[in-house]
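Here is how the chains run, residue by residue.
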Amino acid sequence: AQSVTQPDIHITVSEGASLELRCNYSYGATPYLFWYVQSPGQGLQLLLKYFSGDTLVQGIKGFEAEFKRSQSSFNLRKPSVHWSDAAEYFCAVGSNTGKLIFGQGTTLQVKP
Amino acid sequence: ETGVTQTPRHLVMGMTNKKSLKCEQHLGHNAMYWYKQSAKKPLELMFVYNFKEQTENNSVPSRFSPECPNSSHLFLHLHTLQPEDSALYLCASSQEPGTGASNEKLFFGSGTQLSVL
Numbered sequence: 082a083q084s085v086t087q088p089d090i091h092i093t094v095s096e097g098a099s100l101e102l103r104c105n106y107s108y109g110a111t112p113y114l115f116w117y118v119q120s121p122g123q124g125l126q127l128l129l130k131y132f133s134g135d136t137l138v139q140g141i142k143g144f145e146a147e148f149k150r151s152q153s154s155f156n157l158r159k160p161s162v163h164w165s166d167a168a169e170y171f172c173a174v175g176s177n178t179g180k181l182i183f184g185q186g187t188t189l190q191v192k193p
Numbered sequence: 784e785t786g787v788t789q790t791p792r793h794l795v796m797g798m799t800n801k802k803s804l805k806c807e808q809h810l811g812h813n814a815m816y817w818y819k820q821s822a823k824k825p826l827e828l829m830f831v832y833n834f835k836e837q838t839e840n841n842s843v844p845s846r847f848s849p850e851c852p853n854s855s856h857l858f859l860h861l862h863t864l865q866p867e868d869s870a871l872y873l874c875a876s877s878q879e880p881g882t883g884a885s886n887e888k889l890f891f892g893s894g895t896q897l898s899v900l
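One line per chain: the protein sequences are U and P, in this order. The working numbering applies: residue 82 is where the first sequence begins, and numbers increase by one. The working numbering applies: residue 784 is where the second sequence begins, and numbers increase by one.
Bound conformation, chain P alone (with noise of 0.2 Å):
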């Protein structure tokens, strides 16, 4: 157990649903990050929040959007996704703000298994 954790573990939408994913961590970190990983592909940075604000995005597309009300939660909304998008999403977080964690240990969820149908 990391202290991230993340709901649902799988996800199964049509493209033209909306649906969230959601990440907690309980560990007092004030960075929280996306990531996707799709089949034999590298793991993609998608967005970073520091402090709850927003610091980057990795030219993601739009139908993905991200939301942290508070530094222990981060939420993806979903919403008009294509199949392409069918992928492995993970939350990290880490204790130092960073642009992406270059040299910050992080600490990672389980994932939501995403299916676009």
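With the rest of the complex left out, here is chain U (with noise of 0.2 Å):
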């Protein structure tokens, strides 16, 4: 069965800092995947999406994600985080049914 693990529930960097967060998803198939971004009382927000193609994607926000298949994982990066980025971060995975299928999410707060 399709599935999206975020292992870090909680992260926590000073601003200026880099940042990465993880993503593991399992999936027999080339996946469609996805990272979004929830601010506080507010929806979610597309970052950016990998289909095909080349593997390092650019999002929006200064955002970048690596696909990296021998390792199942789409880690999304930032190499300086500004104290508005703190919010929740959702990695996702569209499946063979359909579905998009989320991770757990996780939480960034950013430290002045």
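Hints may be right or wrong, so weigh each one.
To be verified - 30 Å max Cα-Cα, derived DSS-like pairs, lysine-lysine:
1. U:Lys142 / P:Lys888
2. P:Lys805 / P:Lys888
3. P:Lys888 / P:Lys824
4. U:Lys142 / P:Lys835
5. P:Lys801 / U:Lys192
6. P:Lys824 / P:Lys801
7. P:Lys835 / P:Lys888
8. P:Lys888 / U:Lys130
Quick caveat, the hints were computed from the structure, so don't treat them as lab data. Note that the structure is a prediction, hence the values are computed from the model and not measured.
Using the supplied hints, reconstruct the complex from the two chains, each of which is provided in its own coordinate frame.
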């Protein structure tokens, strides 16, 4: 069965530091992979997506993610975190039944 | 602003109440979805509507009843809910019809935070 795991429930980084949020998936074929961000009191917003081609995907707000098939991972990165990046981040995989399966989310806190 | 509006933002109801959640999208999309987000649990797809027709019911209890009168509006009618139904209910839409957006970009509303007492 398809599944998505975000190992880190909560992460705290200092403003200006680099960020990496982990995402591992379980899927038999080439997956469609997504990262969404949910700011407090807001709905989810798509940061980036991977369908095929270049395994390093650029997204909005300076985020990028790298698809590594050998590790079944799609980690989200940002070189320098801003205080406004504090939010909850969801990794998701498109399944063969057409559903989007979400991970449990990682809460990012940014220290001044 | 994503173009998907949900009302109310917050709702508190007793277990015997009847209430409705409303979702409206101004994007001209053809597909709309209801998701449930419980604390520290993955997002759960509840219902999918394509061109006003329900195409998926993800084993949702009958105390949740969706309605899609047109492609722009989606309702979730609530009746005799349980405390464990307390969650954030998110509406989403997408341009292309699908069975839950395997490869489509979803636009989400801000959600309705529901508390069942």
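Now the hints, each set against the structure:
1. For a cut-off of 30 Å, the pair hint linking lysine 142 of chain U to lysine 888 of chain P stands: about 17 Å separates their Cα positions.
2. Proposed proximity of lysine 805 of chain P and lysine 888 of chain P is supported: the alpha carbons are some 21 Å apart, at most 30 Å.
3. The straight-line distance between the Cα atoms of lysine 888 of chain P and lysine 824 of chain P is roughly 22 Å, inside the 30 Å bound, and the hint therefore holds.
4. Proximity of lysine 142 of chain U to lysine 835 of chain P is assessed by CA-CA distance (about 34 Å); at most 30 Å being required, the pair is judged violated.
5. In summary, the hint linking lysine 801 of chain P to lysine 192 of chain U is not supported, as the alpha carbons are separated by about 43 Å, beyond the 30 Å threshold.
6. A hinted pair counts as satisfied when its Cα atoms are at most 30 Å apart, and lysine 824 of chain P with lysine 801 of chain P qualifies at roughly 26 Å.
7. With a C-alpha separation of about 19 Å, the suggested pairing of lysine 835 of chain P with lysine 888 of chain P holds against the 30 Å cut-off.
8. The suggested pairing of lysine 888 of chain P with lysine 130 of chain U holds, with an alpha-carbon distance near 9 Å, which does not exceed 30 Å.
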